[in-house]
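Asks: Chain residues, written in single-letter form:
Protein chains: 2
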Amino acid sequence: MKALVIDIDGTLTDEQRQLDLRTAAVIRELTVPVILASGNVLGFVKCAAKLIGTSDIMIAENGGVVSMGFDGPVHISGDKARCQEVLGILGEHFNLEELDGLERRSELALRRNFDIDAARQMLVDGNIRGIELVDTGFAVHIKTVDVNKGTALVEVAKLMGLDTGDFVAIGDSANDIEMIRAAGLGVAVGNAHPALKDVADLVTTGKYGAGVLEALKDSRLYTC
Amino acid sequence: MKALVIDIDGTLTDEQRQLDLRTAAVIRELTVPVILASGNVLGFVKCAAKLIGTSDIMIAENGGVVSMGFDGPVHISGDKARCQEVLGILGEHFNLEELDGLERRSELALRRNFDIDAARQMLVDGNIRGIELVDTGFAVHIKTVDVNKGTALVEVAKLMGLDTGDFVAIGDSANDIEMIRAAGLGVAVGNAHPALKDVADLVTTGKYGAGVLEALKDSRLYTC
Numbered sequence: 001m002k003a004l005v006i007d008i009d010g011t012l013t014d015e016q017r018q019l020d021l022r023t024a025a026v027i028r029e030l031t032v033p034v035i036l037a038s039g040n041v042l043g044f045v046k047c048a049a050k051l052i053g054t055s056d057i058m059i060a061e062n063g064g065v066v067s068m069g070f071d072g073p074v075h076i077s078g079d080k081a082r083c084q085e086v087l088g089i090l091g092e093h094f095n096l097e098e099l100d101g102l103e104r105r106s107e108l109a110l111r112r113n114f115d116i117d118a119a120r121q122m123l124v125d126g127n128i129r130g131i132e133l134v135d136t137g138f139a140v141h142i143k144t145v146d147v148n149k150g151t152a153l154v155e156v157a158k159l160m161g162l163d164t165g166d167f168v169a170i171g172d173s174a175n176d177i178e179m180i181r182a183a184g185l186g187v188a189v190g191n192a193h194p195a196l197k198d199v200a201d202l203v204t205t206g207k208y209g210a211g212v213l214e215a216l217k218d219s220r221l222y223t224c
Numbered sequence: 225m226k227a228l229v230i231d232i233d234g235t236l237t238d239e240q241r242q243l244d245l246r247t248a249a250v251i252r253e254l255t256v257p258v259i260l261a262s263g264n265v266l267g268f269v270k271c272a273a274k275l276i277g278t279s280d281i282m283i284a285e286n287g288g289v290v291s292m293g294f295d296g297p298v299h300i301s302g303d304k305a306r307c308q309e310v311l312g313i314l315g316e317h318f319n320l321e322e323l324d325g326l327e328r329r330s331e332l333a334l335r336r337n338f339d340i341d342a343a344r345q346m347l348v349d350g351n352i353r354g355i356e357l358v359d360t361g362f363a364v365h366i367k368t369v370d371v372n373k374g375t376a377l378v379e380v381a382k383l384m385g386l387d388t389g390d391f392v393a394i395g396d397s398a399n400d401i402e403m404i405r406a407a408g409l410g411v412a413v414g415n416a417h418p419a420l421k422d423v424a425d426l427v428t429t430g431k432y433g434a435g436v437l438e439a440l441k442d443s444r445l446y447t448c
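Read top to bottom, the protein sequences are chains A and B.
Residues 1 to 224 in this note's numbering are what the first sequence lists, from first letter to last.
Residues 225 to 448 in this note's numbering are what the second sequence lists, from first letter to last.
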């Protein structure tokens, strides 16, 4: 395995979203490039990359934003305007609170305080296609179905001169499914969503950062 | 001392901007509220607050943005439009590269690849008042002079029901001067800019995170 792509919240952090400091120290020692892949906005991922000491190549907004350098070129996909239309439709029936509205470039994020399944049913009933609601456990995202962390991994791998099969991918949430599937070794940490565990090559016993350490050892990215 | 307000880059991080993990562990153990105060954008500070485990009250953009909760109300001061006018004037003479343009709400940040003193002289010669260029060592900020981390600390203290004198403040850069002055105990870490050391109550021997640990022990915020 030649590189690692890894989710932040719930994977490198615990349920309170605090960084596992022991795991961060190990990540910092790895000799392969480490790509952070998050549903959060680029500003958040940039901070995590600097603080932890990972690569300047970053995946944000569930794959809708790929940054090829810390202050480098940013590739945006998805369709924020279409997501905003859908927000308008759902907002007629649910009391929705948008998060990080200013910073989001490819999709929208909402506070997790509404009936997500009822909202999904409304999209089905309204024949609204091409848009999905993804619950990461930290926020609900309104995004286009054509963009995800898996499509972003394909993009990043190509730009790095690698194949997606060269990557170990580690995550915990439903928004990690396509990335875990695309990678050579897809890992779900012990606290992961059942749907992610179903598609993972490896499910760790340890949760959160402890699960990451386990995966790094099992994949031989970390051999100490 | 009842609270801590602390800079991120060059204070909690090293010269490569990597978090001092040992210091982060100590910060996480403190019993007083810890407020992060950065020149960076709010998305960056929010990430640092979550990963380290500090308060949801945050100071970003050199005091121009104060957030009173993680996804809570944000108070914006400064005058971004005026900063943009000045950027236009300076841009006629220098090759300037704006950073985080989309995310900034109160001021501007530029890559540190131009003659800052020459640009400052141009502001003086052009009789452009009320605007200053602040070099944090990580970026050059174009900001209004009426807003800084010190004015933000006044605001935060008031909202927390505290006095600025109740705060220990720790920083490393010229943009920390007013905050260090406003606090009850103002600390410059060993790697700090000479202008900050000049106004500090305490200058630590240790640099970066090691200096922070020294200050936490000296101020008795950390007693283990």
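Mixed in with the good hints, there may be bad ones.
[Unchecked claim] Which stretches of chain A does chain B cover? Using the computed rule of at least three CB atoms under 8 Å from a CB of chain B, they are:
| # | stretch |
| --- | --- |
| 1 | 23-32 |
| 2 | 36-43 |
| 3 | 174-185 |
Worth flagging that the hints you see were computed from the coordinates, not collected in a lab.
Glycine residues also receive a C-beta, built at the ideal position from the N, C-alpha and C atoms.
Asks: If a hint holds in the structure, say so; if it doesn't, say that too.
Replies: Here's how the hints hold up against the structure:
| no. | hint | result |
| --- | --- | --- |
| 1 | 23-32 | holds (count 3) |
| 2 | 36-43 | holds (count 4) |
| 3 | 174-185 | violated (count 0) |
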